[in-house]
Every structure is written in C-alpha cells, then in structure tokens.
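Each chain, written out:
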Amino acid sequence: MGVDFSTLRFADVSRNYGRRRALNRVSLTAGAGSITALLGPNGAGKSTLLSIAATLLRPTSGEVLYGDVSLRDGGAALRARIGMLGHDLYLYPELTAAENLRFFARVYALPDVERRVDGALAQAGLSDRGDDLVGNFSRGMRQRLALERALIHEPRLVLLDEPFTGLDEASRTALRARLEAVRRAGGIVILTTHDTAAIAGLPDASVSLVEGRLAA
Amino acid sequence: MRRFVEAVWLVTRKDLLVEARTKEIFLTTLFFALSCVLVFAFGFVREGRAVGDAAAGILWIAIAFSGTLALGRAFERERQGETLRALLIAPIDRPALYLGKLLGILILLAAVEVVVVPLVALMFQAALFDHALLMLGLLATGTIGFAAVGTLFAAMLVRARSRDVMLPVLLYPITVPVIIAGVRGTAALLQAEVDVPMARAWLSMLVAFDVVFITIALWTFEPVMTE
Chain Y
1 MGVDFSTLRF
11 ADVSRNYGRR
21 RALNRVSLTA
31 GAGSITALLG
41 PNGAGKSTLL
51 SIAATLLRPT
61 SGEVLYGDVS
71 LRDGGAALRA
81 RIGMLGHDLY
91 LYPELTAAEN
101 LRFFARVYAL
111 PDVERRVDGA
121 LAQAGLSDRG
131 DDLVGNFSRG
141 MRQRLALERA
151 LIHEPRLVLL
161 DEPFTGLDEA
171 SRTALRARLE
181 AVRRAGGIVI
191 LTTHDTAAIA
201 GLPDASVSLV
211 EGRLAA
Chain L
1001 MRRFVEAVWL
1011 VTRKDLLVEA
1021 RTKEIFLTTL
1031 FFALSCVLVF
1041 AFGFVREGRA
1051 VGDAAAGILW
1061 IAIAFSGTLA
1071 LGRAFERERQ
1081 GETLRALLIA
1091 PIDRPALYLG
1101 KLLGILILLA
1111 AVEVVVVPLV
1121 ALMFQAALFD
1131 HALLMLGLLA
1141 TGTIGFAAVG
1151 TLFAAMLVRA
1161 RSRDVMLPVL
1171 LYPITVPVII
1181 AGVRGTAALL
1191 QAEVDVPMAR
1201 AWLSMLVAFD
1211 VVFITIALWT
1221 FEPVMTE
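Each protein sequence line maps, in turn, to chains Y and L. Just so we're aligned, residue 1 is where the first sequence starts under my numbering, counting upward by one. Just so we're aligned, residue 1001 is where the second sequence starts under my numbering, counting upward by one.
The set of hints was computed from the structure by calculation and includes no laboratory data. Here a beta-carbon is modelled for each residue, glycine too, at the ideal position from N, C-alpha and C. There may be inaccurate statements among the hints.
Here are the simulated distance ranges between beta carbons [what the hints assert, rightly or not]:
hint : chain 1 : residue 1 : chain 2 : residue 2 : range
1    : L       : V1005     : Y       : T173      : 41 to 49 Å
2    : Y       : R25       : L       : F1031     : 35 to 43 Å
3    : Y       : A170      : L       : R1003     : 39 to 47 Å
4    : L       : V1005     : Y       : G67       : 28 to 36 Å
5    : Y       : S127      : L       : F1004     : 30 to 38 Å
6    : L       : E1076     : Y       : D132      : 42 to 50 Å
7    : L       : E1006     : Y       : G67       : 22 to 30 Å
8    : Y       : R21       : L       : E1222     : 19 to 27 Å
Computed footprint of chain Y on chain L, listed as stretches where at least three residues anywhere in the stretch have a Cβ under 8 Å from a Cβ of chain Y [claimed, not checked]:
hint : region
9    : 1082-1092
10   : 1149-1158
What the simulated footprint calls covered on chain Y by chain L, stretch by stretch (three residues with Cβ under 8 Å from a Cβ of chain L suffice, anywhere in the stretch; the number is not a length) [as the list claims (entries may be wrong)]:
hint : region
11   : 55-67
12   : 102-115
13   : 120-128
Isolated chain Y (complex conformation) (with noise of 0.2 Å):
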C-alpha cells in the first residue's frame, strides 16, 4: 500500500504563515537509519518543519522529497509510510490502551490487528493495563503509548515532536532505546527539542533552527 523511501530531503523549504516567514529556505536530508535533530527555541520553525514532513502542511515554496516522490504527489500510500508523535500525543483518553492501538491499526488498514497490538502494549510495558483508560494513565505512560501508536504500523519515516518533554529518568532511556531500534530497523526519524541533554549522543546529526533558518 505505502511508498517506499530511503532518504527524505527538504530543498529550499519555506513556510508564510501570512505575512510571517515561519520557514526560511531550509534545505536538509536524512538517510535511512538515522536520527536527527531539529533543535532551537520556541517559535524557530522546528514544528512547522515536522508539520511539512508529515504532510499537514504545504510549504510556500521549495520542494520535499520522500525519495523520488514528492510531498506533493505522495497522497495516502506516503502518508502511510509516516508516523508522527506530537506533544499532545495523539491518543483518545475515553478509549482504552488496546482500543486506541487497535483503531489506529485497522485506519492503517494493517493485517494481524490484534497481534501487533499486543506487541505494542507489550513494548510499551502496558500489557497488563491494556483495557484501563488511557485518560487514567501518567504522562510517562501515555508517551510510551503514544509512541507505540505511531510506530504500530512500521513506519518509515518516523517524526517526534518533544518526545523528551515531561518523561522522567526511566522513561527518557526507554524512550531513547527505543528510537535507538527504530534507527536499527533503518527508520529515518527526525525529532524537535529544545532540550538538548535528554538527547545527548543519540541523534547522528543535529541542526539547529533560528527564527526560520538553519544556523550554521
């Protein structure tokens, strides 16, 4: 169903956001089996940046190839070779732990449901808390199954939005071995955060974002 891609790049990316240019001609790839991260302050274009990636949103010019395929033909194949994890973590609190990995595993129209989300619960470390409400869960716990939720159907192209924010100790170094597997299956993942210590030694490259441009 999906396309697939081994690298992403951006080429002369840039967003208005009416009159304000929340992206400046940022150029960047990243190749299969590697993080990078998308570091600077709030406001300097890291999230409009992931939002492009996603396909959330258009830039106002400048091109971003998945591949061969652009963003702008990509459609529903790319989008399912994409998964994102924002801040806000993406999950419904009034479903359970299984129902919302299971509703995201049957819109990615994926075979062996109920197998893949016991392998996610399991990765998550929630296999006995699967039928509580996610509503009920700790931050930690949500971000856990958050992650496995966009990961649930193998993405190839996998983009976090301050995946750091609000984890304690135990949950960064889960966080941090699991992306370290991600890199490992050759995902490509491209992650924003402004915390750099949560990420020290785990991206293969970093660039930082200034009001829109790349720093040098």
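With the hints as your guide, set chain L onto chain Y.
Below, chain L alone, put in the same frame as chain Y:
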C-alpha cells in the same frame, strides 16, 4: 471503495464508542434541545393551543441550536488530544474522515430528535405523526443538510481561537435555506388543511440542498484540512 466505506465506519464507530462511554455530547445536546422547546412552549402556547406555525419553527430551532452544540463538541474532542492530526496523517481518504464524522453527528442528532419531536408534538398539540413518512423525510434531509455544512465548518475552525463564536456565525447564514425548507415543509403538514404537495416540494428542495452541500464539502475538505 470498500476501504473507503471501512474508513468511514471506523471513524463513526470510534466516535460512537467515545460518546457511549462519556454521553457528554448526547446529554448536553438533549438537555439544550429540551430547554429550547420548553422555554418556547411557555411563550407560544396560549390556553393549550400553539400560536400559528410555532411548532414547526420551534422544532427546527431546537434542532439547529442543539446541532451547533453537538458539532462544536465533536471536534473539540479531536482537538484536545490533537487526534485530528493523527487522522489526517493516516492513509485514509480525507473525504472518508469527513463522512465518518458526519455520520457520527447524524446518529447523535437522530437520537436527540427521537426525544425532541414527540415532546414538540405533545407541548404544541402538533400532528407531527399524521404524515409520519413525510415528516421523517423532512427531518432526515434537513438534519443531513445542516450537519453536512456544520461538519465542514467545525473541522475548518478546529484550530481557530474563537471557534465557539465563529461556528454559528458562519453556519446559520449558509444553512438558512435548509432551516426555512424544514420549517415550511413541517408547517405544511401541521396546518388545518394539510398541504402534502407543498411538503413534498420542500422535501425535494432539501434533497437538492443535501446533494449540493455534501458534494461541496467532500470536494473542499481535503484542501481545507491540509492547510
């Protein structure tokens, strides 16, 4: 096509499951609709008889006002956890997402109408069930037209700061033809000499509105949600 229908049903079923668990939208919408009917009943019923076409107008006002409440809350849920973004990234056709949300809202409004319509009939001594099939047709097509536009606007406004104010401001002017057709069609069935041909004419108009509104919404949902 099968995948499209599956995606529509997945979104609808998820919304119904969430609603069945919380009952938040159903209860608030129902309470609001009942309050509307009761308040108007005090104003428009004199010595047990309703004033003019009041019953038809009040029924559709109750549906429109409570429908606006339901539309706002249905998308507020998707905004709170930013789950709308997760659905927009998913490999489902965006029109399927629109139809899934629309179907969920329609089922909810239908449940509210099951209570509100008999209440209006009772409070206003209105013969809403004498031409039950025609009345059902007016209610169904009117509700579909109203919710079709409302679902699109509610999705568009999900990130707007003043969405609670903007939704009715945008929705009511566009859906005025639907509400007028619903009111006039219902009034034609409630008047002393029932005018079935007139009710059928308004029903046909509602069907035409539905086709136009749903077509436009399906066509615009993808670009609107991408930007």
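- prompt: Falls inside 35 to 43 Å, the C-beta gap from R25 (chain Y) to F1031 (chain L)?
  reply: violated, 54 Å
message: 41 to 49 Å was suggested as the range; check whether the CB atoms of V1005 (chain L) and T173 (chain Y) agree with it.
response: holds, 44 Å
query: Okay, E1076 (chain L) versus D132 (chain Y) on CB: inside 42 to 50 Å?
result: Violated, since E1076 (chain L) and D132 (chain Y) (Cβ atoms, about 24 Å apart) do not stay within the stated range.
- prompt: Okay, the region 102-115 of chain Y and chain L, do three or more residues pass the C-beta test at under 8 Å?
  reply: holds (count 6)
query: In this structure, is the beta-carbon distance linking E1006 (chain L) and G67 (chain Y) contained in 22 to 30 Å?
result: Given a distance of about 28 Å, which is inside 22 to 30 Å, the answer is holds.
query: Taking a Cβ-Cβ distance under 8 Å as contact, does the region 55-67 of chain Y have three or more residues in contact with chain L?
result: holds (count 4)
field: Distance restraint hint 28 to 36 Å, applied to the beta-carbon atoms of V1005 (chain L) and G67 (chain Y)
entry: holds, 31 Å
field: Stated coverage of the region 1082-1092 of chain L by chain Y [criterion: 3+ residues, CB within 8 Å]
entry: holds (count 10)
task: Take the C-beta atom of A170 (chain Y) and the C-beta atom of R1003 (chain L), compute their distance, and say whether it sits inside 39 to 47 Å.
output: Holds, since A170 (chain Y) and R1003 (chain L) (Cβ atoms, about 40 Å apart) stay within the stated range.
message: Holds or violated: the 30 to 38 Å window for the beta-carbon distance between S127 (chain Y) and F1004 (chain L)?
response: Hint holds: Cβ distance 34 Å, inside 30 to 38 Å.
Within 8 Å of chain L (C-beta), three or more residues of the region 120-128 of chain Y: violated (count 0)
task: Given that the region 1149-1158 of chain L was listed as covered by chain Y, double-check it with a C-beta distance under 8 Å for 3 or more residues.
output: violated (count 0)
Hints 2, 6, 10, 13 from the earlier list are contradicted by this structure; the remaining hints agree with it.
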